[in-house]
Amino acid sequence: MSNSTAKNAVHLLRRLGRTGMVDEALAAFSTLDSHAKNTNVRNVIIDLLLKSGRVDNALNVLDEMLLPGSEFRPNYETADIVFNKLLKINELEGRVKEDDIAGLVAKFGKHNIVPNPITLTQLISKLCRSRNTNLAWNVLDNVMMLNGLKDAAPCNALLSGLGKVREFEKMNLLMRKMKDMNIQPNVITFGILINHLCKFRRIDDALDLLKKMKGEKEEAKVIIPDTIMYNTLIDGLCKVGRQEEGLHLMGMMRSDDCAPNTVTYNCLIDGYCKAGEIERAHELFNEMVSEQVVPNVITLNTLVDGMCKHDRISSAVVFFREMQQKGLKGNSVTYTVFINAFCKVNNMDKAMEFLDEMSKDGCLPDAIVYYTLICGLAQAGRLNDASSIVSKLKEAGFCLDRVCYNILISEFCKRNKLDKANEFLNEMEVAGVKPDSVTYNTLISYFSKIGNFKLAHQLMKKMTTEGLLPTVFTYGALIHAYCLNNNVVGAMKIFEEMRATSKVPPNTVIYNILIDSLCKMNEVNYAFSLLDDMKFRGVKPNTTTYNAIFKTLREKNWLDKAFELMDRMVEQACNPDYITMEILTEWLSSVGKTTKLKKFTQGCSVSDSAA
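Start counting the sequence shown at 1; every next residue gets the next number (the UniProt record's numbering).
You may find that some hints are simply not true.
Capping the alpha-carbon separation at 27 Å, the derived lysine-lysine pairs in DSS-like fashion look like this [unchecked claim]:
hint: 1; residue 1: K462; residue 2: K503
hint: 2; residue 1: K598; residue 2: K540
hint: 3; residue 1: K394; residue 2: K420
hint: 4; residue 1: K199; residue 2: K126
hint: 5; residue 1: K107; residue 2: K51
hint: 6; residue 1: K344; residue 2: K394
Taking CB as the label site, the calculated pair distances span [stated by the list, open to error]:
hint: 7; residue 1: N347; residue 2: T227; range: 22 to 30 Å
hint: 8; residue 1: M145; residue 2: H11; range: 36 to 44 Å
hint: 9; residue 1: C399; residue 2: H310; range: 56 to 64 Å
hint: 10; residue 1: D419; residue 2: E353; range: 28 to 36 Å
hint: 11; residue 1: K51; residue 2: C399; range: 44 to 52 Å
hint: 12; residue 1: E244; residue 2: G103; range: 47 to 55 Å
hint: 13; residue 1: N147; residue 2: H310; range: 55 to 63 Å
hint: 14; residue 1: H11; residue 2: N112; range: 29 to 37 Å
The hints are simulated quantities; they were obtained by calculation from the structure and are not laboratory data. This one's a predicted model, so the numbers in the text were calculated from it and none came from an experiment. Here a beta-carbon is modelled for each residue, glycine too, at the ideal position from N, C-alpha and C.
Please model the complete structure; the sequences and the hints are all you need to start from.
The following block contains the structure:
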């Protein structure tokens, strides 16, 4: 068959393709003599079929070309057509599996044909985005074995993908392979490596790589780092508190004709703010402005946040107003920082002002802003304002979280507004936000304080049926309430239950509540038995424990017991406070036992038996 027949076939197929007559083109191709179906003709029909989405038909034609004994084998044009089109079809429709495309690389490789660097880079990137790094590795390795790779771009794509899944050993192996294959790494290669080293706080390794990249002092520079790379390193240094080294690196950056930009200064300002060096951060800001590097909203937010976190809220507001006058507006982050800062110092009026300003500036508050304000207002006792913000939160399409519900329920309970507390409790359950130990402890504590022990116990039972274990706070609230209601018997019953069945051991606070109540009822011996129990269970008494007993012993004038207790304090290395000294000084002085008191203050045993 002459070349003219093949040329005519190409013209015919292209003309039919332009008019959308794909079936006719395929039929015309089928009627051609096998000798006329040369590589060029097959490339045209494959291109036409793939453009029309006829993937199976195109692959059938390709398979014939890829057969070992094929008369007309694929060429680089075939590879370009197939891989470009299949990658686009996969991107748009997902009809072609990545594994199949990768498999074709191996099949083309048997004919010593490899995808061009751009197409190969796209394929490697696509496989890495799908977290299919093993397949990406195999594809690149296959091409490398054919010695069909001279460009660093596909390697860079794989390095980036391997870094994201923390395959550091494979990254090192790939770099060695590149060296063996004489594939020169470029600035992007080093940028990827430095970025991942910094991300995982391996800053010194990243700095070593920079030195290696620039070459030894005697040699000419191999690769000049770019601004992005310097910024990555400066950011990495600042994140681990090495901002002075970051500043030094900015000097190196200038010597490499890389002008520091907004990102460079932002990284350094952030580093100094986090270290609490606000003045130094401001100096950098002034230097930035003098060098005509334009600050952005990140610069603004970094300085505002730094000042607010280091108790300089007023300075932060002044700085913000100055920036606004110069045309640099804040965003949602700026306002959130101020609202949070004012809530922390309980200046709720200012926090509310910034919420209003935020809305006027067209910055939409997120759920965190609302949560911060609701909690701040509730804890400041401004429950009406808190409820108003709850309404705004709901209008904005957000829902309250468990922390907000708990704080609102707690604050309404503290103010005896049980109807509102119940309202939020019911709303919480309707919204599918399950009450936790904090919710139950709040309610148990409230009902115990008002003497409604029946309901407190019911809540405790409900708590356990929902799989929530009572905490030391739960038991403490009940015990304390029983003691306040002069029902020490009831308190001791809860205490015994806690010791016998609970997985939560009593702590010093609970023992102190009981010892104080028993002493007030003149049950000093019982209080001493609890003190012994503390020692047995390894719970350390504190000054409050001893003071409660000393008061009662003074009333009874039980000197021997007082000396025994003083020895216990010395043994436990529990230092007396001003209350202890007031009780003992007045009592022991009046009965002529000042020597004992002196020994006690010197940390020595006072009892004759102990001596």
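Status of each hint after checking the structure:
For the proposed pair K462 and K503, the alpha carbon gap of about 18 Å is at most 27 Å, so the pair holds. Restraint check for K598 and K540: satisfied, since their Cα atoms lie roughly 24 Å apart, inside the 27 Å limit. Distance restraint check for K394 and K420: the Cα-Cα separation of roughly 17 Å lies within the 27 Å cut-off, and the hinted pair is therefore satisfied. Between K199 and K126 the alpha-carbon distance is near 22 Å, which keeps this suggested pair within the 27 Å criterion.
The straight-line distance between the Cα atoms of K107 and K51 is roughly 22 Å, inside the 27 Å bound, and the hint therefore holds. Between K344 and K394 the alpha-carbon distance is near 24 Å, which keeps this suggested pair within the 27 Å criterion. For N347 and T227, the hinted distance range of 22 to 30 Å is not satisfied, since their beta carbons lie about 41 Å from each other. A beta carbon spacing of about 39 Å between M145 and H11 agrees with the range 36 to 44 Å that was offered as a hint.
At roughly 34 Å, the beta-carbon separation of C399 and H310 lies outside the given 56 to 64 Å, and the hint is violated. About 31 Å separates the C-beta atoms of D419 and E353, a value consistent with the hinted range of 28 to 36 Å. Hint check: K51 to C399, Cβ distance near 50 Å, so the stated range 44 to 52 Å holds. Checking the proposed 47 to 55 Å range against E244 and G103 shows it holds: the Cβ atoms sit about 53 Å from each other.
Taken as a hint, the range 55 to 63 Å holds for the pair N147 and H310, whose Cβ atoms sit roughly 59 Å apart. Here the CB-CB span from H11 to N112 is close to 30 Å, well matched to the stated 29 to 37 Å.
Violation of the numbered hints given earlier is confined to hints 7 and 9; the remaining hints are satisfied by the structure.
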